[in-house]
Amino acid sequence: MSTELDVPPTNAEGDAAPEIEIDSRRMGELAGASASDVRSREAVFRIEELSVSYGTSLALHGTTLDIHRNAVTAFIGPSGCGKSTFIRCLNRMNDTIPDARVQGQVLYHGRDLYASNVDPVEVRRRIGMVFQKPNPFPKSIYDNIAFGPRMLGMKKDLGERVERVLRHAALWDEVKDRLKENALGLSGGQQQRLCIARAIAVEPDVILMDEPASALDPISTTRIEDLIHELKREYTIAIVTHNMQQAARVADMTAFFSVEVQDDGKARHGILVEYDLTTKIFTNPSDKRTEDYVTGRFG
Amino acid sequence: MARVEYQQSLDALEADLQELGEVALRAVRGAMNALETQDVELCDEVIAFDDEIDRRYHQLEKVVEELLAQQGPVASDLRLILAVLHNAIHLERIGDQSVTIAKLTKVAADLEPGSELVEGLTEMGERAIEMVRIALDSFSARNVERARSLPDLDDLIDRVNRQVAGNVLAMAHAPGTQEWGLRMIVVARCIERIGDNAVDIGEQTAFLVTGEFREFADASH
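So the protein lines, in turn, are chains A and B. The numbering used here applies: residue 1 is where the first sequence begins, and numbers increase by one. The numbering used here applies: residue 1 is where the second sequence begins, and numbers increase by one.
Isolated chain A, as found in the complex (with noise of 0.2 Å):
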């Protein structure tokens, strides 16, 4: 399949790091960053001054980053910092809601995402998404797998494909012996693992999480967080959580996001505060807003 999108595997062990042009304006890509700092890797994502709008309401403003390969980068703040608004750019999930307005500019390995002739079905298959409630398909759990790689042509080892991808997403020995049994009859947290393992059946490049274990209980929680952690050798994730020790445990890189007041006093929007390794953000970070944030004392 040869597209307008086409990447170079994706592989923590793979080919050298490209070289990476170092632009001073971005935040979190600072000199001293050592080899095993994700910020010298390759940036998936490079976003430009991004700016959304629905309707006449600014929701997200100005907001540059980087996202870097085979690292998990967490997007925290409080509700309506636009985090979420924030990562629906990065698959044009906001294509979907008619008055969005993106403005700026989001570069996937380089290319405008937003471009004219980019497909948004084959964006959404490189970038998958994985939301708060688990969404199975009301179908067998085999289907609910081999759905979305049958759709696109996907079709040798079928069964192969479904057995790996469960096993990716360390369900394989919980559901093995009951594949044509309705995926509705799982468990929440075995959903969820379901839904993972369906975004992954089709080789994305990266995975967007949206409060991916906000529904499910702490067992549940450990077990996406531990996924999460086993994903990231082979994909990018960007995940949004409004548990902040989640992103503690988690993430490589933290992105705090807060609600600017306008100058009129009324109309709120998303910014990005701070942008630094989550190490960083949640021992000393630079902007107070992010350490009355962390410490709780926000609000």
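Be a bit skeptical, because a hint or two may be false.
Claimed, not checked - No more than 25 Å apart at the CA atoms, straight line, and that leaves these computed lysine to any residue pairs for SDA-like: (1) Lys103(B) to Gly120(B); (2) Lys288(A) to Lys103(B); (3) Lys280(A) to Leu68(B).
To be verified - If you anchor each label on the Cβ, the simulated ranges turn out as follows: (4) Glu65(B) to Thr222(A): 47 to 55 Å; (5) Pro120(A) to Asp11(B): 51 to 59 Å; (6) Gly80(A) to Leu156(B): 32 to 40 Å; (7) Leu107(A) to Gln7(B): 39 to 47 Å; (8) Ser140(B) to Val259(A): 30 to 38 Å; (9) Asp11(B) to Ser286(A): 19 to 27 Å; (10) Glu230(A) to Gln18(B): 56 to 64 Å; (11) Asp152(B) to Thr222(A): 50 to 58 Å; (12) Ser286(A) to Ser149(B): 21 to 29 Å; (13) Glu230(A) to Glu65(B): 46 to 54 Å; (14) Lys155(A) to Glu65(B): 56 to 64 Å; (15) Pro78(A) to Asp11(B): 22 to 30 Å; (16) Arg142(B) to Glu260(A): 25 to 33 Å.
Stated by the list, open to error - Some but not every residue of chain A turned toward chain B, in silico, with C-beta under 10 Å: (17) Tyr54; (18) Gly55; (19) Phe131; (20) Met244; (21) Ala248; (22) Asp252; (23) Leu277; (24) Lys280; (25) Thr283; (26) Asn284; (27) Pro285; (28) Thr290; (29) Glu291; (30) Val294; (31) Thr295; (32) Arg297.
Hints listed in this document are in silico derivations from the structure and should not be mistaken for laboratory results. Quick caveat, the model's predicted, so the values are computed rather than measured. Note that beta-carbon positions come from the ideal geometry of N, C-alpha and C, so glycine has one too.
For chain A, the structure is supplied; the task is to place chain B on it using the hints.
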């Protein structure tokens, strides 16, 4: 301000640290007074008083453990808790040094002290007490600049400490005094360690404020 209870717990923890500092200072003062006046009874009091320092230290450690388990502290809260724990360990060690000074003073009580060396040790002790005071105050005030003045004060103590062995060698003409002096070499070492502990507390002030840990002086000091 959200998390009112949590903030109160952190404030209380810091107050506990300052109290631990006060009792540790009381131990140092007691030990130095006992040395100066050759007061064996006071030595026993200093030795017994260490249980109180240990009790306060363990209580503070327990509060730290509970805060870590229950509050998930991050950023400056986490640095404060780590710094308080470090400082508490240093203060507990200062208590132990005071006990050693008191024990040695007791052991040497029947010997003839050398007045010049007593004076030198007393001066060292005063400087060490001043350093601990500065270390605790600068931590409380988050005053990194003041904390950074500690290594210079420590140099003065170190200088006196290096002269002690020479002074004791010079006591060869008076065997009783020299035996006392040999005990005092270890006492000087204890006072010198108290100065080092004060510098360590100062370093925690810098860590708390800046988020980066750096030794104030390298090992050659």
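Status of the hints after comparison with the structure:
1. As the CA atoms of lysine 103(B) and glycine 120(B) are separated by approximately 19 Å, the hinted pair is consistent with the 25 Å bound.
2. Between lysine 288(A) and lysine 103(B) the CA atoms are separated by roughly 50 Å; this puts the pair beyond 25 Å, and the hint is violated.
3. This hinted pair checks out: lysine 280(A) and leucine 68(B) have alpha carbons roughly 19 Å apart, not beyond 25 Å.
4. Judged by the Cβ atoms, the range 47 to 55 Å given for glutamate 65(B) and threonine 222(A) is violated: they are separated by roughly 23 Å.
5. Separation of proline 120(A) from aspartate 11(B) is about 54 Å and conforms to the stated range, judged on CB atoms against 51 to 59 Å.
6. For glycine 80(A) and leucine 156(B), the hinted distance range of 32 to 40 Å is not satisfied, since their beta carbons lie about 58 Å from each other.
7. Distance hint for leucine 107(A) and glutamine 7(B): a CB-CB separation of about 43 Å, consistent with the stated range 39 to 47 Å.
8. Separated by about 35 Å at the C-beta atoms, serine 140(B) and valine 259(A) satisfy the suggested range of 30 to 38 Å.
9. The beta-carbon spacing between aspartate 11(B) and serine 286(A), approximately 25 Å, falls within the hinted interval of 19 to 27 Å.
10. Between glutamate 230(A) and glutamine 18(B), the C-beta spacing of about 47 Å breaks the proposed range 56 to 64 Å.
11. Range check, aspartate 152(B) to threonine 222(A): Cβ separation about 51 Å, and the 50 to 58 Å hint holds.
12. Our hint of 21 to 29 Å for serine 286(A) and serine 149(B) holds, since their Cβ atoms are close to 27 Å apart.
13. Glutamate 230(A) and glutamate 65(B) have their C-beta atoms about 32 Å apart, which leaves the hinted 46 to 54 Å range violated.
14. One distance hint, 56 to 64 Å for the beta-carbon pair lysine 155(A) and glutamate 65(B), holds here, with the actual separation near 57 Å.
15. The hint said 22 to 30 Å for the Cβ distance between proline 78(A) and aspartate 11(B), and at roughly 26 Å that hint holds.
16. Between arginine 142(B) and glutamate 260(A) the beta carbon distance is about 29 Å. The supplied range of 25 to 33 Å therefore holds.
17. For tyrosine 54(A), the interface hint is violated, since its Cβ never comes within 10 Å of a Cβ in chain B; the closest pair sits about 29 Å apart.
18. Interface hint at glycine 55(A): violated, since its Cβ lies 33 Å from the closest Cβ of chain B, which is beyond the 10 Å cut-off.
19. The interface hint given for phenylalanine 131(A) is broken, as the beta carbon of that residue sits about 26 Å from the closest beta carbon of chain B, more than 10 Å.
20. Evaluation of the methionine 244(A) hint against chain B yields a held restraint, the C-beta minimum of about 8 Å falling below 10 Å.
21. Annotation: alanine 248(A) was flagged as interfacial toward chain B, and the flag holds, the nearest CB pair being 7 Å apart, inside 10 Å.
22. Hint on aspartate 252(A) is violated. Least Cβ distance to chain B is approximately 17 Å, over the 10 Å limit.
23. For leucine 277(A), the interface hint is violated, the least distance from its beta-carbon to any beta-carbon of chain B being 13 Å, above 10 Å.
24. For lysine 280(A), the interface hint holds, since its Cβ comes within 10 Å of a Cβ in chain B; the closest pair sits about 9 Å apart.
25. With a least beta-carbon distance of about 6 Å to chain B, the hint placing threonine 283(A) at the interface is held under the 10 Å criterion.
26. Annotation: interface hint on asparagine 284(A) holds; nearest CB of chain B at approximately 3 Å, less than 10 Å.
27. Because the smallest distance between the Cβ of proline 285(A) and any Cβ of chain B comes to about 6 Å, under 10 Å, the interface hint for this residue holds.
28. With 10 Å as the threshold, the beta carbon of threonine 290(A) comes within range of chain B, its nearest partner Cβ sitting at about 8 Å, so the hint holds.
29. Because the closest C-beta pair between glutamate 291(A) and chain B is about 5 Å apart, less than 10 Å, the hint holds.
30. Interface hint status for valine 294(A): upheld, as the beta-carbon distance to the closest one in chain B is roughly 5 Å, under 10 Å.
31. With its C-beta approaching chain B no nearer than about 5 Å, threonine 295(A) sits inside the 10 Å limit, and its interface hint holds.
32. Because the smallest distance between the Cβ of arginine 297(A) and any Cβ of chain B comes to about 6 Å, under 10 Å, the interface hint for this residue holds.
Consistency note: the structure conflicts with the earlier hints numbered 2, 4, 6, 10, 13, 17, 18, 19, 22 and 23.
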